[in-house]
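Trainee: Starting from the given sequences, assemble the full structure and let the hints guide the process.
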Amino acid sequence: MVGERRPAVPRSSAAAPGPAATDPGEGSAAHDAYAALRSAGVDFAVYLPDSVLHQVAGLLEADPEVRTVVCSREDEGVALAVGASLAGRLPVVLMEGSGMGYCGLILARALLQRTAMLILASHNRVLGERFDYHGATRIVGEGTAEGLGLPRLVVHDRAMLRTAIRGAVQTIQGQKVPVCLFIPGYVMLGGAP
Amino acid sequence: MTYQDVLEALAASRGAAPAVAGPGLLSRLLWATERAHMSLYQMELGYPTAVALGLALAMPGERVVAVEGDGSMLAGVGVLTTVARYHAPNLVVLVCDNGVYGTVGAGTMESATRHGADLAALARASGWDSGKVIAVETARETADALSRAFRDPGPWCIVARVAHTPNERAGGAGQIPLDVVEGAMAFRREMLQRRAAAGPGAGGAR
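From first to last, the protein sequence lines are chains A and B. Residue 162 in the working numbering sits at position 162 of the first sequence, with consecutive numbering throughout. Residue 366 in the working numbering sits at position 173 of the second sequence, with consecutive numbering throughout.
Hints were generated in silico from the structure; no laboratory data involved. Fair warning: there could be bad hints in the mix.
Under 7 Å between C-beta atoms, here's a sample of chain A residues computed to sit facing chain B [said to hold, decoys possible]:
no., residue
1, 80
2, 89
3, 109
Nothing here was measured: the structure is a model prediction, and the numbers come from that model. We put the beta carbon where it would ideally sit given N, CA and C, even for glycine.
Mentor: Structure (structure tokens):
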């Protein structure tokens, strides 16, 4: 109805779940990524739903030991992760590669003040990007990370996934910097490029 | 009402609550008022509330305050929807709305709040509890609102209409002696000590 406002609904801070988790199964790349994140100590996850990484986000969302947040834009998500990291949590931010384009300034601040976080971003300059509308997306992610001099890696082979996440977290904890892993769709969802 | 009125009211209510303060004059005035290391100063434009929300969700036992200017709040206004979604009861967002980009140039370039943008209405429209979004125009109203915000569950959004005068620009607000790197490290060290003192589970995953 025109002019009608929804009534305020009492909510708890435990509310606000993200998308329903559809468990892709233990043999999946998403499960590998999730397991690697958890075993490395990640306990705070911020994300904006993305077609490549949504299964990982769903698994994190379903884990009661992980504080998850759906942000409204990726740079806001990185800022949330800055806060979590300052509070002693180990955050991961999951996003489409396009979101990296928003994140330059807040990532620069995180880098400057030695704030640790892991970024998992989909779409990048490796082969296998089929659609023209991902053209800007595939350019901006690595470009932003490269421009800031952030440690970064394209995980071009699923066999690298667990090792890459473990190594990224070691770098984060040792160097206290944001680290970016770019994960192509074919690694997470299967199918050859 | 001046910035000083608002920041003194904040100092009176805040106790040892950590703060994340926006860029420019606001951070310098906050430093001049409190001279404490419980604040993360000069956070980039558009991000103080998001960083404070991350802190609040990660440390549910701590009351956390974002100190925003109107320009910074407008730059990161989408975060109001995220705050409403997660409803962190320990978060206070204090916006000092002077209607200008006061740190830049002559400090007279008007922000959108001088042209009808209403930050309190934006918070309500984003899903905040209307009773916890308060627009204030006097020092007394500000002190009362902040007193409630640091006592009762939130999240709270207090939009304080402040005058912007040349005196405030001069204001005696010198440079903050800690640079952003030193400040962030001191801030983090303090947060880690609090977390350790609070014991296991202080982070409360959900």
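Trainee: The structure should be examined with respect to each hint, and the outcome stated for every one.
Mentor: The hints, checked one at a time:
1. A cut of 7 Å between beta carbons decides the hint on residue 80 of chain A: the least distance to chain B is about 4 Å, and the hint holds.
2. The beta carbon of residue 89 of chain A is positioned within 7 Å of a beta carbon in chain B (closest approach about 5 Å), and the interface hint is therefore held.
3. A distance limit of 7 Å between C-beta atoms decides the matter here; for residue 109 of chain A the minimum to chain B is near 5 Å, and the interface restraint holds.
Violation of the numbered hints given earlier is absent; every hint is satisfied by the structure.
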